[in-house]
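**Q** Following the hints, put chain L in place on chain H, whose structure we already have.
Protein chains: 2
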Amino acid sequence: MAHTPVVDILKGQHDEGATVTVKGWVRTRRDSKAGLSFIALHDGSCFDPIQVIALNSLENYQQVQKLTTGCSIAVTGTVKASEGKGQALEIDAAEIDITGWVENPDTYPMAAKRHSVEFLREHAHLRARTNVIGAVTRIRNCLSQAIHRFFHERGYFWISTPIVTASDCEGAGEMFRVSTLDMLNLPKDDKGQVDFSQDFFGKEAFLTVSGQLNVETFACAMSKVYTFGPTFRAENSNTSRHLAEFWMIEPEVAFADLSDIAQLAEEMLKYVFKAVLEERADDMAFFAQRINKEAISRLEKVIGQDFVRMDYTDAIDILQKSGKKFEFPVAWGVDLSSEHERYLAEEHVGAPIIMQNYPKDIKAFYMRINDDNKTVAAMDVLAPGIGEIIGGSQREERLDVFDRRLEEMGLDKEDYSWYRDLRRYGTVPHSGFGLGFERLVAYVTGMQNVRDVIPFPRAPGSASY
Amino acid sequence: MAHTPVVDILKGQHDEGATVTVKGWVRTRRDSKAGLSFIALHDGSCFDPIQVIALNSLENYQQVQKLTTGCSIAVTGTVKASEGKGQALEIDAAEIDITGWVENPDTYPMAAKRHSVEFLREHAHLRARTNVIGAVTRIRNCLSQAIHRFFHERGYFWISTPIVTASDCEGAGEMFRVSTLDMLNLPKDDKGQVDFSQDFFGKEAFLTVSGQLNVETFACAMSKVYTFGPTFRAENSNTSRHLAEFWMIEPEVAFADLSDIAQLAEEMLKYVFKAVLEERADDMAFFAQRINKEAISRLEKVIGQDFVRMDYTDAIDILQKSGKKFEFPVAWGVDLSSEHERYLAEEHVGAPIIMQNYPKDIKAFYMRINDDNKTVAAMDVLAPGIGEIIGGSQREERLDVFDRRLEEMGLDKEDYSWYRDLRRYGTVPHSGFGLGFERLVAYVTGMQNVRDVIPFPRAPGSASY
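Those sequence lines, one after another, are chains H and L. Per this note's numbering, the first sequence runs over residues 51 to 515. Per this note's numbering, the second sequence runs over residues 51 to 515.
Just so you know, the hints here were simulated from the structure itself, not pulled from any lab data. Model, not experiment: these values are computed from the prediction. Note that CB positions come from ideal geometry on N, CA and C, so glycine has one too.
Think about it this way: if two alpha-carbon atoms lie no more than 35 Å apart in a straight line, the pair counts; the simulated DSBU-like pairs of lysine-lysine are:
| no. | chain 1 | residue 1 | chain 2 | residue 2 |
| --- | --- | --- | --- | --- |
| 1 | H | Lys163 | L | Lys463 |
| 2 | L | Lys61 | L | Lys130 |
| 3 | L | Lys61 | H | Lys320 |
Cβ pair distances, simulated, as ranges:
| no. | chain 1 | residue 1 | chain 2 | residue 2 | range |
| --- | --- | --- | --- | --- | --- |
| 4 | H | Glu224 | L | Gly511 | 23 to 33 Å |
| 5 | H | Glu377 | L | Asn235 | 29 to 39 Å |
| 6 | L | Leu327 | H | Gly460 | 51 to 61 Å |
| 7 | H | Gln248 | L | Ser290 | 21 to 31 Å |
| 8 | H | Ala161 | L | Gly460 | 31 to 41 Å |
| 9 | L | Ala331 | H | Leu234 | 50 to 60 Å |
| 10 | L | Lys324 | H | Asp422 | 48 to 58 Å |
Only chain H is shown next, with the shape it has when bound in the complex (with noise of 0.2 Å):
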């Protein structure tokens, strides 16, 4: 690929006076009456197109002016200094090969103006072209390269757990079935139900909801571990900040507490926000400027600030005497609304927090007993602008307190077997979290629905493409 990348011109790694070329796609021209164009090229590299100068002494030039938005181009001229606003360098052309025409120009989805959100939704396969989409794909992979980093660079090891799972101890609700029978010609059993044991896996099978209990396996014998890999829910949500198919990041440490999983979440999401700002300026210099003005300055803010660690009983003190008004009640047991989280991480404290010790009754079996009995080993990361961005928990090791707790919930030990097997097979405190990574891609660029941080959004009555 003898070409290059418009970020490393406009980057100065090439001298004025060096012939290149680029290629990309036309943003916009425009013609000067001085008898040349200016053209500028994106090719993805980095958020700014650069500024191609062509001639009307260029062989071709009747054609070029002819190239419009999307128009596809490469372009063979000298680096120099530009005289005009806004960009260091630019190209003066001394050949401009018109590699792919935009049919009928006029109807081009993606002609150079302001799209709704909505409207790229829609258009998705084409959407990246844009400065907003382009400008998202950019900082996700920087995010998503962070958080490999960060974990590579302690010792983690990255855990591909299943996405089909006909395991018991996922829980039924909300799951999507995964099946080659016949759907007209279906098996069955002599009660009448689907016989799934002719069914590819054998099993009934599902889309997993989370690789937390697989990857615990891994853990207990790796000592420290993650998963990065895509979650699924058949959540009949139709909000911005739902998907039915989204990316999950589990760290899961052995011989770790509560407060070690609380201070990696912490060390992580500043680590990767540190990144973004150091790595993808061009793109969260846009991002503060169109999207959210705080986009850049909440960042530097989090990094900046110890996160404070609270008890959730204490929480409910504070809320009940904050003398504000609530549209859900509070009360010692209840789960807190995001009204709640964003009340105390922006207005009490000013800082994110991570919410500690919650009533057992309102989180899941696998969370360690406290010893007040009445709650588990539970945090959540707060952070202000967007509530809870991490949950997390350490886990219940000791096997007597894990049978005793199946039982109180009403669930049969023998779906758990090789969970319990952890247990019996040299036990060790550990613990671990779950980040939604569309969650924390729309946080970093101030984007308002998940559906516009990740390639192709699944959801209720969509997955097109």
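**A** For chain L alone, coordinates are given in the frame of chain H:
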């Protein structure tokens, strides 16, 4: 987490005489008549355990003498030079906390002895505790990190293409259906067919077989992109090379032709093999010793060789003139089988081959037709010792040629409308390849069956955990 990973001590990051705490699981315990015990403590951070010396002066020495394989312990002691063979450093224990016992050691499935891979597969939740699966897990992580790093360093963006898809371009064969319909009360339309408009996604939906078509939309905006995610095949194949769920890496590059993408494939393989040899020498030594004695040497050989470019047509000629008797007959137009590929790579050339320009009739609809109108710009990388490891192609970017090809193959243009849009609006030559991650891990480690290089393998009749 105020304890030290075993790897840090074995790498000499703590001076002799330093006090450290290590936490992990007992691999073996051996009692000496001199009134002390040697405990091999493993924490997964590297291949080797660390030797712990427990003197009978320990307060709980009687308990220590009951430790068996798999028990979890925390040891605080002093780093010292080892007098034993095979390790440089060990720990003189001042204190051993026993964290978790093994219930009934006689029946503990991961007892310290050699287990068959089949037995380990039946205990997938515990098998990471063994030398072999622990080593596979670290190599798998190393390869995954190296792949992300390779692309990131070269300006590629990671794109998470969708897992669930209702796109008609995927082709119907061997896909898993994803549904939330009640199978015992299926909604039907007036033709008696299942009414998928009432299903979760409003259409019949499946698990993806490849992210390629989706990621092409991003290549045609961001230039250099790649996927790294799970893909699915509902093939009823019970072979050592097939999984129903596996991870794929699929780079896609705008303005790249077949030769560019072949170069990228060669560079990528060399880069990740180097990473493994440099970063995981401990695990690779184990694989060379116990699994495949060429595990290291064949990677070194691949790194040191230029991959040989060969046209399919020439390969057929070579095979026909080879004088070898093949199980599957050789003629122009047939797909090469594993015996052909291995003969060419191992015997004829003795180096990895990039085989190019296959007959169009045995290749996919999206591959670019060559000027001979008989072959397409496709390439496979054939590695000695395994055969095909990568498959790729230049994509047909010319709308008129693409449409003729769809027609030839009896495919409906309407089903490809969004894919055709990429050719209607600023089309560019572009190319990409696919690499099955589990086959790569199997090749690197020498493991015979891909089911042993993925945490929880999914295959016909098998989706436990």
